[in-house]
Every structure is written in structure tokens, then in C-alpha cells.
Amino acid sequence: MSEASTDAGSFPQGAGARLREARMAKGLSPDDIAAQLYLRVTLIHDIENENLERLPPPPFITGYLRNYARLVGVPCEQVVYACEANSSGGGSMPTLANVSSDEEMGGRRTPVKALTAFIVLVLMVLVSVWWLGQEKPAELTPEMLSAQNAVGTPPRGAADSNTRITPPVTPKPPVVAPAPVVPKPPVGENPAGLNSGVPGEASENPDAPVEEGSGAEPALPTTEGPAEEPPVEVDPPTSGEGAASAPAAAPKPSSGETTVVVPKSLRAGEAQAELRLEMAEDCWTEVRDDAGRALYFNVAKAGSRLTLKGTAPFKLLLGNAAGSKVYLNGSAFDYSGRGVVRLTVGKASDNKVPQP
Amino acid sequence: MFGPLRGIFSYDISIDLGTANTLIYVRGEGIVLNEPSVVAIRQEMGPGSPKRIAAVGAEAKAMLGRTPGNIVAIRPMKDGVIADFTVTEKMLQHFIRKVHEDKFKLFKPSPRVLICVPCGATQVERRAIKESAAGAGARQVFLVEEPMAAAIGAGLPISEASGSMVLDIGGGTTEIAVISLNGIVYSNSVRIGGDRFDESIISYVRRNYGTLIGETTAERIKQEIGSAFPSSEIREIEVRGRNLAEGIPRSFTLNSAEILEAIQEPLSGIVSAVRTALEQTPPELGADIAERGMVLTGGGALLRDIDRLLMEETGLPVIVADDPLTCVARGGGRALEMMDEHGGEIFAME
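Those protein sequences? They're chains A and B, same order as listed. Residues in the first sequence are numbered consecutively from 0, following numbering that gives the first Met the number 0. Residues in the second sequence are numbered consecutively from 0, following numbering that gives the first Met the number 0.
Hints are computed from structural coordinates only; laboratory data are not their basis. Incorrect hints may have been included.
[As the list claims (entries may be wrong)] Below, in silico cross-link-like pairs of lysine-lysine (DSSO-like), each with a Cα-Cα straight-line distance of 27 Å or less: (1) A:Lys112 / B:Lys107; (2) B:Lys97 / B:Lys50; (3) B:Lys107 / B:Lys129; (4) A:Lys112 / B:Lys97; (5) A:Lys324 / A:Lys314; (6) A:Lys346 / A:Lys314.
[Said to hold, decoys possible] Selected chain A positions facing chain B (Cβ under 7 Å, derived; list incomplete): (7) Ala34; (8) Tyr37; (9) Leu38; (10) Pro55; (11) Pro58; (12) Phe59; (13) Gly62.
[Said to hold, decoys possible] Ranges between beta-carbon positions, derived for each pair: (14) B:Ser230 / A:Val111: 48 to 54 Å; (15) B:Arg126 / A:Glu76: 39 to 45 Å; (16) B:Thr215 / A:Gln35: 34 to 40 Å; (17) B:Gly68 / A:Val126: 53 to 59 Å; (18) B:His341 / A:Val126: 33 to 39 Å; (19) A:Ala24 / B:Asn254: 27 to 33 Å.
Since the structure is predicted, the reported quantities are computational estimates derived from the model, not experimental observations. For every residue, glycine included, the Cβ atom is placed at its ideal position computed from N, Cα and C.
If we strip away everything but chain B, and leave its shape as in the complex, we get (with noise of 0.2 Å):
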């Protein structure tokens, strides 16, 4: 009833809600938070007894498998889409609280919210999202599709009469599509991301070394020396994790190639998707496409020399877009804007 009301003391708020981080976009403010997605949930009374919300974002990623028995940190996304419902909504509330902290505080933030969706998504896990983001308070939500507000964050010219492709490498997902004329061409989600390169460290590293290590370590070695192409530069990191014979914490040392080798699978994963998109794009988007190339955003697209892997797999010109990782929070809020200016038939939303 009172929710025009309560508009007006709340922002237009763009989230890209990732399966690693949460990113929040204020209309006319930019990005203002930038979070992991992660919550940890404490336990009082042991089994049965009432949950409650210890820490959310970068505070209860720093618990991820340092947990005592009463407390649990998860991740409630899964492969870019929810996990647990429950979960995510608690932690949608929390950031947007945490974004209207400057805001009249009289009334509950009742803003209105474009949300970033994989486009391989199906309609109950989009119908999910949306009431995730309605249970939190959002006063009215939009659903746009993550490659479209990945292209307009990176400034692409999707009204023109031309093929634009834009390569989205997410924590959970892989989203490729050929945008032209403000509309989806084609659209191609893959549930390779960020989590998986993560996944095939710890995997490789327990093959190799007997050695478990945890997703966090996995996480920073991949950001320290990850390479997605073979150079002449050879990184190296020391990590600690638990030798599987001896049952003691060991350390050792890893390189930029041993990594390289270890995330070749989900890396192949990628260029597939890549090539299947490039035979599936109408031959003349695909020629405008080899003229100017395609565009890398998300956090995949900070994976060292993986544009350098993409040219030579494809042959074609491949750029990361300025501040990759943000890409997609501030094209959704831009799609905001141009829903105002231009109405909501500008491009397809829900």
C-alpha cells in the first residue's frame, strides 16, 4: 500500500547475482557494493532449533571452512541461479539495507530492482530470483538477461545493425551471446565459471601433490598465477594444505604451467561454447564479428592471457572490457535507465 510511498525514500538498484559476488548498482551513484555471495548461519541450540544469520558477504567468506560446528558458511547460489531460496533472500535483504544506509531510515527500503539472470535460466529459477528479490523488499523487479547488461556495462553498440558478441565468464556460468539491434541473436549459457577452475585446482593439486587444499586457496592460487595460455613467464606460489598420507598440514609450490594444465578441461569447456556460437551466428553478424572481435567480461576474463587462448582458438580479434568484473551491475542499471527514457520495450525484459 504504501509502496510508492516508500519509492521515493529508496534507489533504483541494478544486482548481478553471482554465484561468487554480488555487485549492486545505484542509479547515479555507480557501484556500491561488491560482496561475495555467501552467508554463514549460526546454530544456537544445536539440530532443530532456530537459525539465524551470522555474517553475510566478505565477513562470512572469510569463515568458508574455518567454521565451528554451530555455524555454517554456504553459498546459496548454484551455477548462476538459486541455491537455497531461503538463504538468498536473507542475504538480497541484507545488501539492500546495507546500500539504503545513508537513506531515510523511516521506512524499509522498498526499491526497485533489475536483476541479472543467466540467459540458460529456466523460468522457475527465474520465477525463483524474482521472488527472492520481492520477498527482500524489492518494490518491483526486472529480470534482464546477463549478456545483454554485460554488453551495455562494457559499452558495445547494441542498437546498432550490427553483430556485437560478448563472452561473459561468470563465477557459475559462461554466457555467450551475438547481440545486434538491441535483441538477443543468439545466447548460449554454459555451466563453466570461476568455481569450476577452483574445483579443477583442488583436484589436481590432491592427483598430483596428496594434498587437499580448500576452495578459498584454490581461489587465490588461480588469481595469483593462473595463466589460460602458455607463456614464456613461469609464476610460482606457495600454498599449505593437508597431506592426505600423513594427515599434517604441508607445504608446497606450484607453478603458472601446473595450473594452466590443471584448468585445461573447463578452459576447452569455454572455447566449445565459443566455436558452437560462432557456427551458429548468421554469417553476416559473424563477419562484423571477425572485423572488430568479440568483448570478455566477468571475473573469468581476469584469468591471465585467456583473450590471447580465445584468439588462437578462434582466430579472431578477442578485448576484455574496461573493469570486466562490473560489467554486467552497471549495464543492468544503465538497462534502468534506458527502461525510463526509452520505455521497457527497448529490449526484452521480464
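If we strip away everything but chain A, and leave its shape as in the complex, we get (with noise of 0.2 Å):
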């Protein structure tokens, strides 16, 4: 551009004017040039008299122009550069396209391009951390088990049924339980209990033993009000949502320790049956009521007893089966097997209860 600029300082007349000074020059009429280049004559008149909004576009006005320079002796590129300064001040030439500067096909935007590739990575590298931190651990240790136990959180994912959790499944030898309580029988005209999945019974016997060591208490009536609430030695812990079903996160027991668990949905005395466990040894304990709650999610201690309410049947895994003993209604149930044991208990096929 500046060589332009230079090269229209050499025509401080005009392109056009400079175009006739060397055809008169040469003693050509404007005729000689329409036909030697093919044009009108009012053509030769417009450019010399630069009336350029007359001509056809910008691309023509260039080759007509280099055409009659070089025809008159002109130098072809500084005619056109002339013209171009001279109507870039008037404005009344078009624009030519001169498609190949850097400021009509927009230049180099190499920060743009450097900011947006910066961006694209650190975005790239926020989607890989968070695809790293969404993946679960393949099992759950017996000493991450047990790390979360004195917490008292269960296990990240207990409710979720992808992870795959190992129960401590190593027998320890059995802990002497100091005097256990021995819950009594339950009382009433149904020993067999609430609904111990057997139809029927339960509508015959409504009242139903509800608790160990705290003497017999009248069933709750399925209808009946809060007034009528069993009684609860051992709240389930509320806290919060993530506890999965939150009767899971029962407390931690202790060696001869006594936990009732009964989930606070059946505090309305929807409590139907009764399920017992007594641990001769440590075992991973899990037991879901029939609608899927987790009633209890975590490792008994050896020589714990607890008592789950809930509504049959009852879905358990033991990981120490050898080492725990099940009771329904009171009723011991039979099963048979050691280390890892899944067990429905109270089904109505499986109506036939052992005696105790």
C-alpha cells in the first residue's frame, strides 16, 4: 500500500489525466483506443474523465485501465494504484477486490486461536477429572468397611446396586458375651407373632410381641394411631438422604449389646413381624424389608443381638453365617451354610417355621 501511495503521488493529476497526456502524446484520439481495446468510446471519455460509477465493476474498470496503459506506454500497476488512491479519497470507486490482503479475508487471529485451544484443553482436562472421579470403587475392604463403621456412615453406594460390596467374611473366634439379654417370649394368644408371612394370621392375631427386654407390649394394630407406636429403644439415625435408606445406618453394636431397629415408616404401627439376630460372631449383616429398605447395613459384633421390625419377607445376607443365628417371631429359622449365606425369610412359601 504504501508503494501505492507512492505510485499515486506520481499522477498528482489523476490516473485518467495521465492516460490522455500519453495518448495525446502518442496522436491517438480516443477512437484509435475504443477500437484498438474494443470499447465504446464513452467508455475511454469515463475513464479518462475517471467518471467511474459509469463503469462496469471493479475487476473490468483494472484490466481497462492496464489495457490503455500499456496500449499508450504507461506503467500498467501504477495506473491502477493511482486510480485506487484517487477514488479511496473520493469514494467513488468501488472497492476492488483485491481478495488476498490480510484485511478483506479477515488476517491471522493466531491469539484468538491460541485462547480458544487453551480453553478447548482446560475443558478437556475438567471432563477427564470429573470421568475419574465418577468411578466406584470395584470392592469395598473389610478395613474401609470397618473405617466406615466408626463413623457410623455406611459404606458410599450401599444403596447402590451396582457396587459390589464384600462382606468381612473371616470367622474371628467367638467373644464371650457378657450376660446377654435373653429376650422374652413374646406374649400373647399368637406366639408365632405378626405377619410372619403366613396369610391369615395376622388378621387373626393383630396383637404380637414386639420387643425383647422391655416386657411384652401390645401389637400395634395396623389401623391403630400413634398412641399405639412401638416402642423404640434405638432410633435410626435421619441423617440425611445419603444414608440410602435410612434405617441402614443403624448404631454400630457393641458385644452384647441390644439394638431394636424398627424404620420410621412403620412407626404407624405398620410393624408386622419381627426379625431377630443373635451373632455368635462377628458377621456382615444386611437385611431389607420386603419393600427394599435396608433395615440394617453393617458388621454385628459378636455376641450383639438385634431385633428388626419391618415387614416380611425379610431379605438377609450374612457374611459370617456360621456365626449367626435368625429368628422370626421368635421362631428360629433354619438354614444351613457357612461364609456367605442369602436368605428370604418369612416368604409365604416358606411358611413352614421351624420351632425353636
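Combine the two chains into a complex, taking the hints into account.
Shown next, in the form of C-alpha cells:
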């Protein structure tokens, strides 16, 4: 462009006037030029008078100027540049389509590109971090479980069926429980207890033993109000929704301790069956009621007793089956097996409750 | 799968895949590559052994006619279309990578590519070009006819309701088209171009001087003293070639009048094609062309006085576009931009 302005300076009178001078110096008329360039004479006059708005679009003007300049022996590019410079000053000439110039085509935008690349990189890193954070531990080791138990929170993802939790199955030597509280047998007309999965019995025997250690109490009629709420020794923790099935976060039982867990949703008298677990050895215990609520989800220590109330049938997962005993409504539930055992207690098809 | 992601790190490019030269225009950057369409292939272990690319572009062109037995320098494009698919693909791959040298290098470049094809190319030839570009890593491939790209690159008012005639003289073909309202009204492609001029010069020298010269020498003669119209000024050039009778190199002098005589035949072919185009053009558009003239683009437009020859032969104004060598590539780039601005329907693309 600096060259262009320099060249424009060499034609102070304008490109058209310069071409006219050169033509007259050669003794040619506008008609001669028009005949040689195959243009109309009026176009030649318009070029010489720089009436560029009456000329065809810019690429043609450039071509005509070049041809004219070459014919009369004037440097072509100088004429074109001079014409461009004059037109840009006067604004009469349309901008020539110089698509190779940076200004026209946008030029280099290196800083913008670098910034874009940086942002994309940061986003990729964030997505990677998030992705890795989403990954769950494949297995929970006993150490991790005990650490979680120590703080009284259920293991992460306890409610997540995709997470496989390996209960501690290593049997420990039985701990002598100091005077375990023996539950009193349920008092009532129906020793089998509440609805133990036996159809018909529940309606016939609405009264049921509630719990051990506190004496016999009237069973919870299913339609009764809160006045007949079953006694609850230990409230299930209610710390947040993360505890998915809040009763699962039962208090850590200590050796010889009796724990009674009643889901909050059952306090209104819905409790229909009682499940009692007696642990001779430490045992990973997972108990769910019919609705799938986790009633207990923890390691039951040796010598401890758990009394759980809920809707039968119960689904149990015992990590150390040999070191635990299961009673349903006071009657021992017979099962065999060592190590990890899954049980369904109180099923309709499983009505033949063994005698205690 | 990662095409769109890789696209972030790639340019939108327009390629003028010519017989003689390949030009690449990068959107927002301008012409970034102008290299001869020549590839040198090395075969290390003799016939049957694997081939490797020894050089591409200017480096390979310097090898033309000067290679040892295990290297072959070839031009994979012939008459505007692909003559060797694999080599063309490799050449495009090399050029695309070269264009993206300053880009983020984690990903292989995957640009959107617009390629200009001769309007006379068959569907098979077009498909070959498209697949070649896709094989070279292009994410999307568009084809546009060369005269349309040339007209856009020359800045012609193609969207107006007036006729614009463009004559693109390339290395392998000459394209003629009349364009109006963003469409091609008439187009024709003749397989005459810069290569035919070179061949004519080679055969003229062999016939009249009994001397064999190479393609590179013939091209140099054409560029330095070639002329399409008689002129009072006579230029001369001294060249060397192998005397066929003696079998040894000899030097001799050629002048512009001889070269004009040598290239008469291809020039006549171009003039005939232009005349045919004018005959076939609807009268209203013909009047527009007679008023404004036709525009020359392509490397052939740089042949001295070719505009004068066409003016005398047709009686119409003829002008040479600004920077005629890069018109097609620039026009292709502008077509990509127009496609983004106005959608792909603005003009016929494939």
C-alpha cells in the first residue's frame, strides 16, 4: 500500500488525466483507443474523466486501465494504484476486490486461536477429572468398611446395586458376650407373632410381641394411631438422604448389646414381623424388608443381638452365616451354610417355620 | 468419531488441484501453498519392493528428468483429473499436513476441503478426486467447478442478472463458462493448457533443430519468450538440448516468433472453444459479454499477448484478472465462506 500511495503521488493530476496525456502524446484519439481495446468511446471518456461510477464493476475497470496503459506506454500497475488511491480518497470508485489482502480476508487471528485452544484444553482436563471422579471402587475392603463403621456412616454406594460389597467373611474367634440380654418370649395368644408371612394369621392375631427386654407390649394394630406406636429403644439415624434407606445406618452394635431397629415408616403401626439376629461371631449383616428398605447394613459384632421390625419377607445377607442365628417372630429360622449366605425369611412359600 | 473435535484444530481450505500446480487457500489466511503437482517416488530394493515418497512439490519438480533408476518423479494429475489415485492421495496428504504445520499437533489435521474440478470432469473422475481428498484426511469434501471458482476469485459479479464470461487456462485444461445469477449458463472444457504448449515447443524444437529438450526447459522457454500474438519486439533465449543426430548436448537460440509458430495449434484450439462458447451463449448474455468483455484467469493467462490474440479473434474486450494464477484457489476459499454465510444452495456444489 505504501508503494501504491507513492505511485499515486507520481500522478498528481489523476490516472485518467495521465492516460489522456500519454494518448495525446502518441497522437491517438479516443476513437483509436476504443477501436484497439474493443471498447465503446464513451467508456474511454469515462476512464479519462474518472467517472468510475458509470463503468462496469471493479475487476473490469482494473483490466481496462491496464490495457489502456499498456497501449499508450504508461506503467500499468502505477495507473491502477493511482486510480485506486484517488477513488479511495473521493469515494467514487468501488473497492477493488483484492481478496488476497489480510484486511479483506480476516488476517491472522493467532491470539484468538491460542485462547480457543487453551479453553478447549482446560475443558478436556475438567471432563477427564470429572470422569475419573465418577469411577466407583470395585470392592470395599474390610478395612474400609470398618473405617466407615467407625464414623457411623454407611459405606458409600450402599444403595447402589451396581456396587459389589464384599462383607468380611473371615471368622473371628467368638467373643464371650457378657450376660446377653435374653429376649422374653412374646406374650400373646399367638406365639408365632405378627404377620410372619403366613397368610391369615396377621389378621387373626393383631397383637404381637414387639421386643425383647422391654416386656411384652401390645401388638400394633395396623389401623391404630400413634398412641400405639411400638417402643423403640434406638432410633434409626436420620442423617441425610445419603444414607439411602435411613434405617441402614444403624448404630454400631457393641458386643452383648441389644439393638432394636424399627423403620420410621413403620412407626405408625405397620410393623408386622420381627426378625431377631443373634451373633456368636462378627458377621456382616444386611437386612432388607419387603419394600427393599435396608433395615440393617453393617457389621454385627460377636455377642450382639439385633431385633428388626418390618414387613416380611426379609432378605438377609450374612457374611458369616455359621456365627449367627436368625429368629423370625421368636422362632428360629433354620438354614444351613457357612460363609456368605443369602436368605429370604418369612416368604409365603416358606411358612413352615421351624420350632425354636 | 473425533472428526468434529479434530476439526477445531484444522483449517477450512480450498484446493486448486491443478495439473501443473496445486494451490491451497486457507480461510482467513490467504494462499498458503503454491507447489508443483509433482511427486518423486523412491523404490529402494528394485522392482516389486515397497515404494516411498521421496519428495513432493517444488523439490520433486526439480527432480523431473534428472532422477536415478530407483526414483521416479511423476505428475499424478493429467488433463485436470487424477491419473494416479494413490500418489494423488499421498500428495494431498503431504500438502494438507504442510498447511497445518503451525496448528495444534495433537490431532491429525481433519479440515473441511473444497476442491475445484474441471467442468468437463466425469462423475467417476469427480468421485476419484473426492475420495482422494477424504483419504488424505479431509473431514468433509466439497467440489466446485473451476470456472465458477475462477469467476468468484476474479471478483466478477456472478450474482447479478448479467452475463460474465470467464476463460480459465490451466495446466491441463481450459475452462470456459458464462455465469449469471450464481449459476453456470454455459460451460465447456477443452483438454488444452500449459502442458500442451510445452509439448508443442518440444516437438517444434525436435522437428526444426533435431534436438531433444525436456519439459522443464520447454516450460522455461514458454515463460520467458512465449507469445500468443505477433509483436514488433523479438525476444531470444539460449537453450541446451541433446542433438539427436550427434547424441551430444548442443546449445542453440530460439526467438519469440518461433515459439509463436510452435504453439499455434493449441492456441487455435482455445480460440475455437471461445468462439463456440460465444455461439452457444444466449443473446442477452452475449450482449453483456460484448459490453464488458471476458476475463482470463489461470496460469495460461500469463502467456504474453494472449488477451490481444483473443481480442483480435473475437472482437470483444478481454482483460486479465488480478493475480490470475491464484484466482481459482481464492475463489474456492470465498465459496466456502459464502457457503457458511448463505448456505450450500447459493451455487451448485457437490
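*When the least beta-carbon distance from Phe59 (chain A) to chain B is tested against 7 Å, hint result*: holds (5 Å)
*When you check the alpha-carbon spacing of Lys97 (chain B) and Lys50 (chain B), does it fall within 27 Å?*
holds (21 Å)
*asked:* Tell me if the beta carbons of Arg126 (chain B) and Glu76 (chain A) are separated by a distance inside 39 to 45 Å.
replied: Distance hint for Arg126 (chain B), Glu76 (chain A) holds at roughly 43 Å.
*asked:* Tell me if the straight-line CA distance from Lys107 (chain B) to Lys129 (chain B) falls inside 27 Å.
replied: Given pair Lys107 (chain B), Lys129 (chain B) holds - Cα atoms ~19 Å apart, limit 27 Å.
*Lys324 (chain A) and Lys314 (chain A): Cα distance at most 27 Å?*
holds (14 Å)
*Against chain B, run the beta carbon of Tyr37 (chain A) and see if the smallest gap drops under 7 Å.*
holds (5 Å)
*With 7 Å as the cut and Cβ atoms as the points, is Ala34 (chain A) at the interface with chain B?*
violated (10 Å)
_chain B contact restraint on Gly62 (chain A) - CB to CB distance below 7 Å_ = holds (2 Å)
*So the hint says 53 to 59 Å: do the beta-carbon atoms of Gly68 (chain B) and Val126 (chain A) match that?*
holds (55 Å)
_Need the status of pair Lys112 (chain A), Lys97 (chain B): alpha-carbon distance at most 27 Å?_
Satisfied, since the Cα-Cα distance of roughly 18 Å is no more than 27 Å.
*Determine whether the Cβ-Cβ distance between Ser230 (chain B) and Val111 (chain A) falls within the hinted range of 48 to 54 Å.*
Between Ser230 (chain B) and Val111 (chain A), where Cβ atoms are some 51 Å apart, the hint holds.
*Are His341 (chain B) and Val126 (chain A) spaced within 33 to 39 Å by their CB atoms?*
Roughly 35 Å apart at Cβ, these two residues keep to the hinted range, so it holds.
Hint violations for this structure: number 7 only, all remaining hints satisfied.
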